[in-house]
Amino acid sequence: MYDRKVVRRRRAALAVFVVLSIAILTAYFGESRGGFFHTLQRGAQEAFAPVETGASRALKPVRDFFSWAGDTIDAKDQNADLKKEVQLLRGDLAEAQTQLRDAGQLKGLASLREENYFPQATAPVTARVIARSSTVWYSTLKIDKGSGDGLRENQPVIAAGGLIGKLTSVTGGTAEVRLISDGQSGVSAQVFPAGVTGVVRPEVGNPEDLLLEHVESGRRVTENTLVITSGFTSSRTESLFPRGIPIGRVTKVDLDELETYQRVHVKPFADLRRIDVVQVLTRKGVAQQAASVGETGG
Amino acid sequence: MILSVGAVVRVGALLLLAVVLQLSALSQLNVFGGHADLVVLVVAAVAYYGGSVPGCAAGFSAGLLLDLLTGTTMGASSLVLTAVGYGVGRFREVRDPSHGLLPLVVGTLATVGWVIAFAAVALMLDIGARVSPLVIRDMIVTVLLNALLALPVFTGCRKLLRPSLAVDPLEVRRRRRPPREAGPLGLRGLEI
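Top line first, the protein sequences correspond to chains A and B.
Taking this note's numbering, I'd label the letters of the first sequence as residues 237 to 534.
Taking this note's numbering, I'd label the letters of the second sequence as residues 2 to 193.
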């Protein structure tokens with residue numbers, strides 16, 4: 237009834253593909269970012285970039301149609317949220333303007349240099365999203381700008397005025413963004429203006445609720461305060477990002493029974509589920525240099 | 002499935018189209034937090050019409066392409082999709098199904114297998130952060146959307162793969178139908 241040859245061939249095929257997959261997995265984990273499989277990945281992404289860009293542009297009307305339906309449903313809730321936010325921001329603005337004036341005077345006195353501050357030290361490069369990871373377990377985007385536009389690994393990426401992630405891989409014409417909602421992400425942050433520091437980590441599957449962890453004990457965080465990148469360069473919470481990029485607002489603080497540990501919930505400013513256009517914050521000078529090289533070269 | 006250059010080109014083009022469509026359009030269309038997953042449906046369709054060996058080959062290739070283009074851990078998607086392709090192919094070989102609505106069930110079950118197995122692999126390999134219970138909602142949305150898409154996707158894949166198929170399940174169903182009764186119209190059912 238069973239042809240042994242067919243059965244053997246079938247089993248051999250399954251074994252070959254499973255062993256190949258496991259071998260690739262093992263090699264991928266074992267190698268550095270410059271290894272064979274990582275290079276292959278970057279090569280494939282570069283080769284397929286024109287196809288993905290074309291497909292993304294061609295299918296934009298379809299995406300827009302479905303997004304419009306979703307946006308219409310969400311609009312009422314968003315309107316109420318935004319009204320509350322405007323009220324909060326008015327208060328914050330008045331406070332910030334006063335502090336800014338004081339800070340300007342103090343900086344002048346102390347001769348502080350603004351080397352790594354957002355937005356002064358950064359030059360944004362605007363890019364369009366051409367692809368997005370296909371499962372809920374990974375939150376990555378691919379954008380249509382690359383090293384030719386001055387982009388480098390680890391540069392911060394913002395959208396709608398808030399941090400959304402950083403560049404993890406850059407090719408000539410594309411770059412990959414790991415969102416702050418990705419399971420491997422961690423951003424050292426500071427609650428403003430209280431100054432409490434911690435690390436913003438995601439809760440995988442819920443991009444609207446980030447968690448501020450490793451909060452200094454003994455310092456209470458209050459609701460509705462602003463969370464920004466800390467910009468520390470030498471501490472337990474070392475930051476890759478310039479200081480001052482807005483991340484989100486504290487929505488809830490859970491305290492344990494002894495009130496020694498606080499779980500701080502942060503709602504990001506950017507809608508991490510719907511991103512079409514992003515800005516990569518290059519260091520001032522790098523993007524302009526790349527642009528001028530492109531102009532003279534072209 | 003008859004192994005030929007034409008068959009390989011057809012399946013390759015189908016998988017490439019599915020992966021590009023998935024990354025450039027479907028992944029960005031949010032419906033209650035989740036989105037449809039075309040790649041697993043196409044792999045299941047190839048396995049359903051082609052059998053277990055083409056199924057696991059298609060699963061491996063689609064997974065590898067997906068991992069290459071998304072920049073995620075290479076080998077994870079190909080491992081799970083290989084298993085999905087083989088499972089659907091074996092089901093077809095053992096049960097020899099021919100019901101017209103079966104692609105809906107096969108597509109849905111393949112998606113259930115894919116989301117659960119991929120979640121397990123991702124949790125073991127990469128995820129160090131807390132996991133929200135909303136992940137389950139997103140997985141259910143993906144399964145429901147794929148159930149809606151299963152019939153048109155399987156029909157499209159069948160049409161494209163038909164020249165390379167050794168056995169077409171729909172043809173088998175037609176052959177199994179009882180022969181039509183002959184004789185003049187007025188005499189049918191009178192047993193004359």
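Careful, some of the hints might be misleading.
Computed footprint of chain A on chain B; a stretch qualifies when at least three of its residues, placed anywhere within it, have a C-beta under 8 Å from a C-beta of chain A [claimed, not checked]:
1. 23-31
2. 49-58
3. 70-83
4. 105-114
From the derived model, a few chain A residues whose C-beta atoms are all more than 12 Å from chain B [what the hints assert, rightly or not]:
5. Ala251
6. Ala280
7. Ala305
8. Asp313
9. Gln314
10. Thr334
11. Thr376
12. Gly384
13. Arg388
14. Thr433
15. Glu449
16. Leu462
Just so you know, these hints were derived from the structure itself, not from any lab.
In this text, a Cβ means the ideal position worked out from N, Cα and C, and glycines have one as well.
Now for the hints, and whether the structure bears them out:
{"no.": "1", "hint": "23-31", "result": "holds (count 9)"}
{"no.": "2", "hint": "49-58", "result": "holds (count 4)"}
{"no.": "3", "hint": "70-83", "result": "holds (count 11)"}
{"no.": "4", "hint": "105-114", "result": "violated (count 0)"}
{"no.": "5", "hint": "Ala251", "result": "violated (10 Å)"}
{"no.": "6", "hint": "Ala280", "result": "violated (4 Å)"}
{"no.": "7", "hint": "Ala305", "result": "violated (9 Å)"}
{"no.": "8", "hint": "Asp313", "result": "holds (14 Å)"}
{"no.": "9", "hint": "Gln314", "result": "holds (15 Å)"}
{"no.": "10", "hint": "Thr334", "result": "holds (38 Å)"}
{"no.": "11", "hint": "Thr376", "result": "violated (6 Å)"}
{"no.": "12", "hint": "Gly384", "result": "holds (19 Å)"}
{"no.": "13", "hint": "Arg388", "result": "holds (16 Å)"}
{"no.": "14", "hint": "Thr433", "result": "holds (19 Å)"}
{"no.": "15", "hint": "Glu449", "result": "violated (9 Å)"}
{"no.": "16", "hint": "Leu462", "result": "holds (23 Å)"}
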